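Chains as they are written, first to last, in my numbering: chain L, 23 to 785; chain D, 5 to 97; chain Z, 5 to 290; chain W, 13 to 170.
No wet-lab data here; the hints were simulated from the structure. Computed from a predicted model, the values in this text were never measured in an experiment. It is possible that part of the hints are untrue.
To be verified - Derived CB-CB ranges, DEER-like: (1) A148/L <-> A39/D: 30 to 38 Å; (2) K309/L <-> G25/Z: 35 to 43 Å; (3) P57/Z <-> L30/W: 53 to 61 Å; (4) S131/W <-> E162/L: 54 to 62 Å; (5) E162/L <-> L30/W: 55 to 63 Å; (6) T21/W <-> G618/L: 51 to 59 Å; (7) G170/W <-> P57/Z: 51 to 59 Å; (8) G20/D <-> K216/L: 57 to 65 Å; (9) A597/L <-> E50/D: 52 to 60 Å.
Said to hold, decoys possible - Reference excerpt, derived from the structure (chain L facing chain W, CB under 10 Å, subset only): (10) V49; (11) R54; (12) G287; (13) S317; (14) G590.
Even for Gly, the Cβ is constructed at its ideal location relative to N, Cα and C.
Spelled out from the first residue to the last, the chains are:
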Amino acid sequence: MAETNGQTNGTHYVGTRTIRPDGVDKVTGRARFGADYNLPGQLFGRVLRSPHPHARILSIDTSRAEALPGVKAVVTRADFADQPSEFIPAGEMMMNYKDVVRNVMAREKALYEGHAVAAVAATSVAIARKALRLIEVNYEVLPHVIDVVEAMRPDAPLLHDDLFTAGVEPKPDKPSNIAKRLEIKVGDVEAGFKKADVIVEREFKTAPVHQGYIEPHAALASVSEDGSVELWTTTQGHFIVRAHCARLCGLDMGKIRVTATEIGGGFGGKTVVYLEPVAIMLSKKAKRPVKMVMSREEVFKASGPTSGATVRVKMGATRDGKFTAGFAELKYQAGAFQGSPVQPGAMCAYAPYDIENVHVIGYDVVSNRPKVAAYRAPGAPISEFAVESVVDEIAKKLGIDPVQLRMMNAAREGTKAAYGPKFGPIGLEETLNSIKKSEHWNTPLRKWQGRGVASGFWFNIGGETTVSLTLNEDGTVSLMAGTPDIGGLRAALASVAADELGVPVEKVRPIIGDTGSLGFNFLTGGSRSAFSGSMAIVEAAKQIKTELIARACKLWEAKPEQVEWKDGAVRPLGALAEKVKPMTVADFAKISGKLGGPIGGVGRINAQGAGPSFGTHLVDLEVDPETGRTTILRYTVAQDAGRALHPAYVEGQFQGGAVQGIGWALNEEYIYGEDGRLQNAGFLDYRMPVASDVPRIDTVLVEVPNPRHPYGVRGVGETPIVPPLAAIANAMENATGIRFTELPMSPPKVLKALQERGLNTRD
Amino acid sequence: MARVVLIGNLAQLTGGVAELQLPATSVKHLFHLLAEAHPALAPHLEEGVAVAIDGQIYQDSLFEPIRPDSEVFILPQIAGGRGQVLHSDIVGM
Amino acid sequence: MRYEAPDSLEGAVALLAGARGDARVLAGGTDLLVQMRADILEPELIVDIKRIPETRTVTEERGGWRIGAAVTGAELTEHPRLKQVWPGVIEAANLIGSTQVQGRATMGGNLCNGSPAADSVPALVAAGALASLVGPRGRRDLPVEDVMLGPRRLALEKGEIVASFLLPPRPPRSSDAYLRFIPRTEMDIAVVGAGVSLTVDGAGIVTAARVALGAVAPRVLLVPEAARAIVGSRLDAEAQRRLEAAARAACQPIDDKRGTTEFRIQVAGVLARRAALIALDRARSN
Amino acid sequence: MAKHHMEATVNGDPVEFLCETEETLLDVLRDTLHLTGSKEGCASGDCGACSVLLDGRLVCSCLVLGCEVGGRSIETIEGMAKGESLHPLQEQFLKSAALQCGICTPGVLVASKALLERSPNPTETEVRYWLAGNLCRCTGYDKIVSAVMDAAAVMRKG
């Protein structure tokens with residue numbers, strides 16, 4: 023029988039803009055997100071949070087809260103078993119449940135303002151809030167440290183007295199806030215700098231930014247007397263939530279059933295547990311369902327932003343524009359517990375370029391801030407912002423067009439990546455070419471306007487994935503995936519399943535199954551869900567087609583070589599075609615009972631072969647020299663998608679990532695007072711871009727197929743947030759002649775720089 | 005003999021050795037040989053590393069074949085598997 | 005928490021004057037409800053003044069305009085005539101928050117929230133508007149600039165409320181303008197606000213002016229020096245420089261999450277100048 | 013003190029409910045009337061996810077007290093589709109892929125409906141400023157804005 027997949031099956035839905043199957047529910051208000059779930063008899067949980075950025079918790083007295091009528095349960099550190107200091111590798115960044123349990127509920131110390139200290143479940147929200155005020159926490163306030171460079175000083179207030187810098191020889195004998203030092207070395211940078219005719223060295227600073235999903239964290243837990251748990255939560259990975267809750271609450275995974283609700287944005291921030299273990303422990307005590315929802319202030323103060331950082335970059339190039347060496351030193355904030363994305367930041371820094379000698383040193387530094395969580399291409403926007411800014415300066419120094427310079431040094435198939443291995447087919451050059459060819463690139467600008475370009479890289483991942491396809495009696499197909507759909511996954515997977523089985527796409531009903539309905543799925547993240555999910559569907563469909571061919575052979579008393587699968591039907595070949603008619607999927611479904619029972623397939627894979635995605639962004643902006651205000655005038659994204667399963671949702675990823683990057687570059691930041699408290703824990707003063715802040719975001723879909731995927735797919739979700747920071751800084755330089763090295767480039771900073779140079783007038 | 009290169013801090017666990025020649029036939033075999041040569045590496049190999057064979061990155065995938073002329077890089081893992089990991093390192097979106 | 009919605013000023017005043025604990029007036033609620041949800045306020049009594057006719061109507065009076073304290077920004081924008089006479093006041097009221105907030109926010113609430121960054125206040129001050137206060141001791145009119153004493157501090161007596169605003173009659177060739185600086189295009193609190201109202205003669209010379217600045221001091225400032233800097237001029241480059249300098253000289257801003265002291269002072273001059281030029285242009289074409 | 017007993021009209025239907033003074037219209041819609049289409053993203057009027065029409069006027073239901081709406085008419089996302097047929101804006105949002113996660117979508121749709129009722133032929137700038145109170149973190153607004161413009165065109169044709 024012939025190997026079949028989308029390509030040979032004559033695809034016609036993949037690559038088209040089908041209507042998403044979950045769409046109607048989402049435009050009618052019917053779709054149920056985290057906070058939309060309720061259970062009979064449910065209680066309302068609220069969390070008491072530390073007002074101090076750093077304090078020893080001497081005692082917690084919950085007796086008055088417990089005595090309040092309507093309060094059914096109170097939990098504190100005493101209710102969570104401590105976890106051994108056992109390092110679990112996640113990349114080279116080691117995660118440690120000893121930290122995890124402390125982030126979920128503070129133990130010895132409160133390590134940041136907003137750190138959970140206790141939680142209450144009561145019959146009403148009002149009573150729960152009142153009960154929180156009755157909990158007496160006796161704090162010994164300690165000196166705090168917020169800034170990453172200050173935290174690295176030997177005399178800085180120490181967050182953890184058992185934290186010794188890893189990655190340095192000999193092992194330090196004194197604890198510090200530097201959790202880890204890492205290093206990536208390729209070639210010999212000193213030799214590289216010797217070959218350079220021009221060397222540019224600069225230091226950059228970026229502020230921590232929040233993922234900013236509009237839906238706050240929410241969880242509803244119900245624990246029964248026999249210890250079985252039902253949990254509804256808004257998460258990027260319900261199988262991951264199950265694993266964490268089993269560990270933190272001391273339960274068997276098999277007893278926990280987690281349902282992922284519709285998720286109102288995640289961007290990495292919902293790969294972590296905050297409320298879930300607390301809701302479970304409260305419900306376990308109260309023997310009633312407990313619903314918990316964070317306020318927006320809690321989301322900002324207690325859920326993960328990504329790192330702010332200090333980055334030093336030094337690059338060398340020859341007179342004719344060949345990069346000879348790149349050095350970078352990255353100091354990333356981890357928040358209160360170790361584990362910043364400095365590792366990927368280090369690996370991505372020089373990834374877009376064919377550059378022989380690279381040396382990157384990274385530091386993972388703790389300070390009295392909320393623990394960082396993943397955010398879209400974690401670590402990469404920060405290090406690539408610094409490198410792409412310096413690349414622009416080199417272009418200016420050498421008088422070479424910045425796109426041309428990038429083209430001359432661009433990584434291409436066979437290039438040895440700056441983090442080691444060789445690249446397969448990649449699309450960086452194509453994105454640079456399409457930008458160069460764009461009408462946008464060739465439009466003139468006026469005074470105080472500037473144009474900037476930058477490229478970006480992200481690895482993308484595959485990973486464990488289970489998807490099931492079931493033929494219903496009427497020939498319709500039930501598709502079950504286990505990775506939460508955040509941006510149109512169900513639409514993309516339905517198209518693939520329809521093409522694989524040759525059925526109309528509206529006959530495919532995709533749902534996201536709970537942890538009891540499917541095998542393990544790693545979370546929606548790393549730009550993996552469409553990549554891995556579509557691979558698993560091809561596998562599941564293959565099982566179905568093999569089964570149908572076998573059944574046809576039985577039914578027609580034919581040999582496998584007398585039949586073929588083509589365009590959604592098993593077709594008799596040669597003489598047999600005279601005797602019997604082709605049978606479609608629907609034909610088999612009708613009589614499946616007679617032919618051996620229900621028909622279905624399950625793709626269980628550990629997806630490998632994720633193809634990196636490169637992008638290049640082009641931005642025009644205008645600066646008001648009298649106020650330092652920046653207006654984005656025009657924006658174009660070109661990115662390699664490998665193959666766009668659903669072009670509209672791929673474009674949506676490009677556009678959304680670009681606008682998040684615009685916010686990061688211009689206005690978003692965590693602002694702390696001297697007291698170590700967050701001053702802008704709300705949408706009013708956190709300042710994410712609104713509709714009137716941004717122009718159209720034009721997109722160019724580059725498709726250099728990923729040879730390791732049956733449809734050529736690459737992950738696309740993360741790369742789009744990498745280039746904007748540098749593209750905008752480069753455009754600012756083009757508009758004002760000033761190189762901005764600190765983010766955000768907010769009006770007070772920009773005006774100050776203009777004033778220092780006497781440029782703050784219209785003429 | 006496959007050319008095996010250790011990227012990043014892993015070299016610290018081998019006393020600075022960053023490149024080896026090993027007759028590995030699969031990732032599983034490679035890990036076995038590496039652990040023999042450098043016991044300090046052992047705990048990091050089963051979980052926590054990615055393996056790039058001739059440019060293609062593999063994770064948690066013990067049976068991938070390695071050819072005698074293969075170029076193999078041992079990299080930091082690009083994402084935590086199985087969810088024993090709370091904040092997996094490179095998981096955005 | 006008690007909620008009352010009286011239909012007369014007397015009723016509202018009696019409730020507020022008689023309140024035991026903290027009593028709050030509810031107009032648009034766009035500040036009050038946020039502060040309640042954030043546990044900043046926990047009033048014992050909320051008095052909704054939106055059922056009181058005077059607070060909800062816009063009427064021509066003594067050649068000027070009386071605007072109810074609880075008329076929403078959206079309603080003001082839709083008023084057929086106000087925009088021609090007082091474009092600055094209307095554009096200022098229109099800057100309070102999003103479209104959604106415009107459907108609720110009022111100038112009375114904007115003033116009584118007691119924020120130096122309130123957008124409508126500098127425009128009202130520049131316009132020479134009076135606030136009509138009604139309290140246990142009857143009605144009194146106070147210049148808007150005298151209602152707010154400092155952050156969250158008002159010149160209102162216990163039981164006293166702002167019922168309406170009175171905008172004076174407009175001489176020919178008069179107009180006004182309000183500009184504010186925010187980092188985004190919408191949704192932010194003013195980092196600096198500047199309102200200018202002026203009158204020009206047939207020759208285009210400024211004969212009268214009022215300049216007010218917001219968010220650069222503990223209260224919204226009326227800046228007579230800035231007005232003097234342009235009266236008698238055609239707002240030529242020299243007069244513009246004098247205006248900027250006078251405006252900056254009047255600022256005593258704070259450093260905070262929304263802007264630095266230096267930034268606020270610098271931008272106050274720029275906005276005062278830009279607002280004056282817009283007002284001048286409008287006045288000439290009146 | 014006792015709860016307030018309120019009567020109002022929601023999506024054309026008469027409703028009765030009890031609420032505490034501090035309960036917002038959003039609390040009432042979601043928790044008492046079980047209309048969870050309106051979302052709470054911030055509870056401070058900064059995200060617009062709770063947008064509803066109050067007597068035809070676009071407001072954030074998190075900034076309205078439940079006890080204020082007696083005798084008034086409220087329209088929510090649940091009332092936007094009429095019977096079998098979606099509102100042209102809903103149709104266009106699906107066609108244009110103008111949503112990703114969908115949490116902001118109900119608020120954006122209600123706000124867009126209010127815009128098109130006032131201004132059947134809005135400019136792109138008008139749409140962007142009108143929707144500035146509706147935060148969306150997924151789409152970058154591009155497809156939302158074009159969907160609203162396209163829906164307006166469809167509705168003008170009638």
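Hint check:
no.	hint	in the structure
1	A148/L <-> A39/D: 30 to 38 Å	59 Å, violated
2	K309/L <-> G25/Z: 35 to 43 Å	38 Å, holds
3	P57/Z <-> L30/W: 53 to 61 Å	29 Å, violated
4	S131/W <-> E162/L: 54 to 62 Å	60 Å, holds
5	E162/L <-> L30/W: 55 to 63 Å	46 Å, violated
6	T21/W <-> G618/L: 51 to 59 Å	58 Å, holds
7	G170/W <-> P57/Z: 51 to 59 Å	40 Å, violated
8	G20/D <-> K216/L: 57 to 65 Å	24 Å, violated
9	A597/L <-> E50/D: 52 to 60 Å	56 Å, holds
10	V49	4 Å, holds
11	R54	7 Å, holds
12	G287	5 Å, holds
13	S317	7 Å, holds
14	G590	26 Å, violated
Checked against the numbered hints given earlier, this structure breaks hints 1, 3, 5, 7, 8 and 14; the rest are met.
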